Structures are given as structure tokens and as C-alpha cells.
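Chemist: Sequence:
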Amino acid sequence: MFDAPTAIRRCEEYLLKNSQKKMSQKLQISLEYNLENLKTKCLSEITTISDIQSIVSLNFKEMDLSTSQALLQKSLEFSNK
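Under full-length UniProt numbering, the very last position in the sequence shown is 81; numbers go up by exactly one each time.
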């Protein structure tokens with residue numbers, strides 16, 4: 001990947017504020033390009049077990065440990081309700 005911080009920041013801002021992409025697609029992009037703000041926002045938008053299932057079904061090759069842990073934590077919270 002090219003090191004173009006301004007372009008990357010502007011793309012992340014667009015995805016955060018204006019994009020009509022599904023949350024799971026944005027999460028995949030955030031993981032692929034290491035966009036932490038976008039990843040945080042996507043994880044905060046998970047509100048149901050079906051949201052988690054839709055993410056896990058995509059089988060991201062680049063899912064990092066912190067994202068996996070966040071998804072596990074959310075699934076445990078939902079199962080305890």
C-alpha cells in the first residue's frame with residue numbers, strides 16, 4: 001500500500017460520515033487498511049447477534065485479535081440479556 005496519509009485520512013472520513021456501504025463492508029475495509037477510527041465506529045454499531053453473524057460469515061482473513069475479542073465480548077453480552 002502506498003503511504004499517502006492525507007488520502008487515507010480523507011477516505012476514512014468519507015467512510016465514517018457519508019458512505020452508504022453496509023457496516024460489515026466498512027469493517028472489512030477498516031481491517032484491510034488499518035483504519036482504527038472506522039473500525040471503532042463499526043464495532044460500536046453492532047447491536048444484535050445477527051450483526052455479529054453477518055460479520056463472522058464473511059470470514060475475514062485479516063481480522064485482528066482485538067476485533068475478534070470485541071466481537072466475542074459483544075456476543076457474550078447479547079447472550080446474557
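A couple of the hints might just be wrong.
[As the list claims (entries may be wrong)] Only pairs whose alpha carbons sit at most 27 angstroms apart, straight line, appear in this in silico DSSO-like list of lysine-lysine:
id, residue 1, residue 2
1, Lys22, Lys74
2, Lys81, Lys61
3, Lys61, Lys26
4, Lys17, Lys81
5, Lys21, Lys41
6, Lys17, Lys61
7, Lys81, Lys41
8, Lys17, Lys41
9, Lys74, Lys41
10, Lys74, Lys17
11, Lys81, Lys22
12, Lys61, Lys22
13, Lys61, Lys21
14, Lys61, Lys41
15, Lys74, Lys21
16, Lys22, Lys41
17, Lys41, Lys26
[Stated by the list, open to error] Per label pair, the in silico range of CB-to-CB distance:
id, residue 1, residue 2, range
18, Thr40, Ala7, 17 to 23 angstroms
19, Cys11, Ser44, 17 to 23 angstroms
20, Asn18, Ser75, 27 to 33 angstroms
Calculated directly from the structure, the hints in this document are not laboratory data. From a predicted model like this one, the values you see are computed outputs, not experimental measurements. Note that beta-carbon positions come from the ideal geometry of N, C-alpha and C, so glycine has one too.
Chemist: Sort out whether Lys81 lies within 27 angstroms of Lys17, counting only the CA atoms.
Modeler: This hinted pair is violated, its Cα atoms lying about 31 angstroms apart.
Chemist: Assess, step by step, whether the Cα of Lys74 is no farther than 27 angstroms from the Cα of Lys17, and give holds or violated.
Modeler: holds, 24 angstroms
Chemist: Are the Cα positions of Lys74 and Lys21 separated by 27 angstroms at most?
Modeler: Since the Cα atoms of Lys74 and Lys21 sit roughly 22 angstroms apart, the hinted pair holds (cutoff 27 angstroms).
Chemist: Using the Cβ atoms, figure out if Thr40 sits within 17 to 23 angstroms of Ala7.
Modeler: 20 angstroms Cβ-Cβ, so the 17 to 23 angstroms window holds.
Chemist: Sort out whether Lys21 lies within 27 angstroms of Lys61, counting only the CA atoms.
Modeler: holds, 20 angstroms
Chemist: Taking 27 angstroms as the top limit, are the C-alpha atoms of Lys21 and Lys41 close enough?
Modeler: holds, 13 angstroms
Chemist: Given the hint that Lys17 pairs with Lys41, does the C-alpha gap stay at or below 27 angstroms?
Modeler: Judged against 27 angstroms, a Cα distance of about 10 angstroms means the pair holds.
Chemist: Can the restraint linking Lys74 and Lys41 be considered satisfied, given a maximum Cα separation of 27 angstroms?
Modeler: Roughly 14 angstroms separates the two Cα atoms, so the pair holds.
Chemist: Lys22 and Lys41: Cα distance at most 27 angstroms?
Modeler: holds, 12 angstroms
Chemist: Would you check the hint for Lys61 and Lys22, treating anything up to 27 angstroms between C-alpha atoms as holding?
Modeler: Given that 27 angstroms is the threshold and the Cα spacing comes to 18 angstroms, the pair holds.
Chemist: Sort out whether Lys61 lies within 27 angstroms of Lys81, counting only the CA atoms.
Modeler: violated, 30 angstroms
Chemist: Taking only the CA atoms, is the gap from Lys61 to Lys41 under or equal to 27 angstroms?
Modeler: Given pair Lys61, Lys41 holds - Cα atoms ~20 angstroms apart, limit 27 angstroms.
When the structure is compared with the earlier hints, violations turn up for hints 2 and 4 and for no others.
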